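Participant: Note that the protein sequences, when read in sequence, are chains A and B.
So in my numbering the end of the first sequence lands on 536, straight run, no missing numbers.
So in my numbering the end of the second sequence lands on 536, straight run, no missing numbers.
Calculated directly from the structure, the hints in this document are not laboratory data.
Careful: at least some of the hints might be erroneous.
Unchecked claim - Which chain B residues face chain A? A few, computed with CB under 10 Å, are given here:
{"#": "1", "residue": "Asn316"}
{"#": "2", "residue": "Gly338"}
{"#": "3", "residue": "Glu400"}
{"#": "4", "residue": "Asp472"}
To be verified - Take a look, some chain B residues computed to stay more than 12 Å from chain A by CB distance:
{"#": "5", "residue": "Lys277"}
{"#": "6", "residue": "Asp342"}
{"#": "7", "residue": "Trp434"}
{"#": "8", "residue": "Asp481"}
{"#": "9", "residue": "Pro496"}
Remember, it's a predicted structure, so these values are computed and weren't measured experimentally.
C-beta: ideal position from N, C-alpha, C; glycine also.
2 protein chains.
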Amino acid sequence: MTRPLNDNFLRALLKEPTDYTPIWLMRQAGRYLPEYGETRKRAGSFLHLCKSPAFACEVTLQPLSRYKLDAAILFSDILTVPDAMGLGLYFTEGEGPKFERPLREESAIRALTAPNPYDHLRYVLDGVSEIRRALDNSVPLIGFSGSPFTLACYMVEGGSSSDYRRVKTMIYDRPDLMHRILSVTADAVTAYLNAQIESGAQAVMIFDSWGGALSAAAYQEFSLYYMQRILSGLIKEKEGERIPSIVFTKGGGLWLESMANSGCDALGLDWTIDIGEARRRVGSKVALQGNLDPNVLFASPDKIANEAKKILDSYGPGHTGHVFNLGHGISQFTPPEHVTALVDTVHRYSKIQRQTS
Amino acid sequence: MTRPLNDNFLRALLKEPTDYTPIWLMRQAGRYLPEYGETRKRAGSFLHLCKSPAFACEVTLQPLSRYKLDAAILFSDILTVPDAMGLGLYFTEGEGPKFERPLREESAIRALTAPNPYDHLRYVLDGVSEIRRALDNSVPLIGFSGSPFTLACYMVEGGSSSDYRRVKTMIYDRPDLMHRILSVTADAVTAYLNAQIESGAQAVMIFDSWGGALSAAAYQEFSLYYMQRILSGLIKEKEGERIPSIVFTKGGGLWLESMANSGCDALGLDWTIDIGEARRRVGSKVALQGNLDPNVLFASPDKIANEAKKILDSYGPGHTGHVFNLGHGISQFTPPEHVTALVDTVHRYSKIQRQTS
């Protein structure tokens, strides 16, 4: 395996020098792009879009045609693993994902097993291979999964939740059951990410969207511990190239030190922490990815440029290990031309920083 | 003014020694109590419940009859101030508060003025006086307001929001307009809290429910700055007694140091930070209030007791300045008898701690 032509993203994750600060955007393939809407219409349903390798590939590449992004990320749903576990994923208009059979009964929890991704998630792996072929080694492809805790939230609540009442009741009342769910899910995610790597993913990211809803102690026990277990089971190198891993806990700013010790190569940051402060806290251990508030993209292009420069300045031009990103997924209401302003600013300004530092 | 018979809450806020760790619960008067449901039915509507001093008093006292709480908090809505500014507060079933005239136009923002609480919020002040009479100096009464930023979120969005898109667009695109809203609102809140103090509130709390949605820099500029302005304008002492102030930014754990320098006497903490760590960071400056995850109250009483003890142990029995509370408002689905387990554990265990330390 040779590194892609543009390998700034991989180099930044490994804290190697880069020509400029690489950028990609969480949820960069998605509803804010009119061409995505077209493809989704042709696909018929969101689930069919996810489950068809050809559609997933088409959608993954769309933002790369529009913007000079430094990485592609597999287009898929975060809930493919619990779906493969037999919980019955479906989507309702305006209400997001739901499960037909949420995990509520002890017997169902005891019966849970980790699916073999080559049997039950073949469509994702085929998508990865197809995207890699289409990318033709131009930029690296990121594989991903939800964290065990985040998946467990959906699995137990049966959909998204504002308070995680059922999940937390289980955490405090029946921690044994929650650990059972998380343990099986961690095994499933490890196998799933390794299968993505075998199929061509050149970096992997674990999205812990809901870990930030936990107390400090519960985060360690019910979210970070299982991400660590996954990280220790991941393929670290393929054909001589390191496969870097990124961990992102939204709302995890208080816990960066322990996250940096989890065995990952990089931490994703939401926008609530100053990235310079985060670098001083953990930057000798890991690279950092982030962290513009996605809502900045609603402002005018000159304001977007200002806010992006503040982040680049705060990280500090003399330091390796920064991947620019948003602090959360891009909003469906984002004007597509505003993304151009962001990507161009990050590239141009970070080049100037390197010349003058 | 003499201190109430049970002044442990006030003493803890001032970091004076207490007989035990005092406890009250955010939203302690509310929907989880069947007697609240009865009163609300008699009141006809939520707004009438808030706007009638007699009903507000009745509801404020309900949790104190059930539980040995160490403070009462005025029952009122967080949006009384913008309502008094003329935005037209109303409630829709299941969707929460809304404004008939959200702040979207520059002309409306320029025309905004701070209402005189003695004219426009008389019903709140009458409620405070009536509650103080009914409490008969048993426990202290807490007055409160939303923070300027939190109120501005509702005022600009027109209701609650999942992403604060309109507010943040204004912050980044038209900071001058956002500062104008915040400045007028800060004046209004200062006058409102001072009027509550004049009417009998013995401590005040500023609820910054949405400040945690901001970036580190935006929090300083658009939320904390205006809370500081309020704090510097508050009546500090009445009839020889200090009126302590509490600032609570949900999701503000990263910013405790600057919050502790805002001029408040105590910080409210949500459950994402370990309270012992928070004490080590800022405990020499301010008292701390918190910080049990409200969802712990869904577990069985023995599990609730365990989690409460962990917080008391983490704060450390040798240290003054802890008011026990939840990290956010109590859920409407909480079994009322579980609250008894919490209150009793906090009182009993903190007394034992004092004997053995």
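Participant: Now look at each hint and say whether the structure bears it out.
Facilitator: Evaluated hints:
no.: 1; hint: Asn316; in the structure: violated (36 Å)
no.: 2; hint: Gly338; in the structure: violated (15 Å)
no.: 3; hint: Glu400; in the structure: violated (12 Å)
no.: 4; hint: Asp472; in the structure: holds (5 Å)
no.: 5; hint: Lys277; in the structure: holds (18 Å)
no.: 6; hint: Asp342; in the structure: violated (6 Å)
no.: 7; hint: Trp434; in the structure: violated (9 Å)
no.: 8; hint: Asp481; in the structure: violated (10 Å)
no.: 9; hint: Pro496; in the structure: holds (19 Å)
This entry does not satisfy hints 1, 2, 3, 6, 7, 8, going by the numbered hints stated previously.
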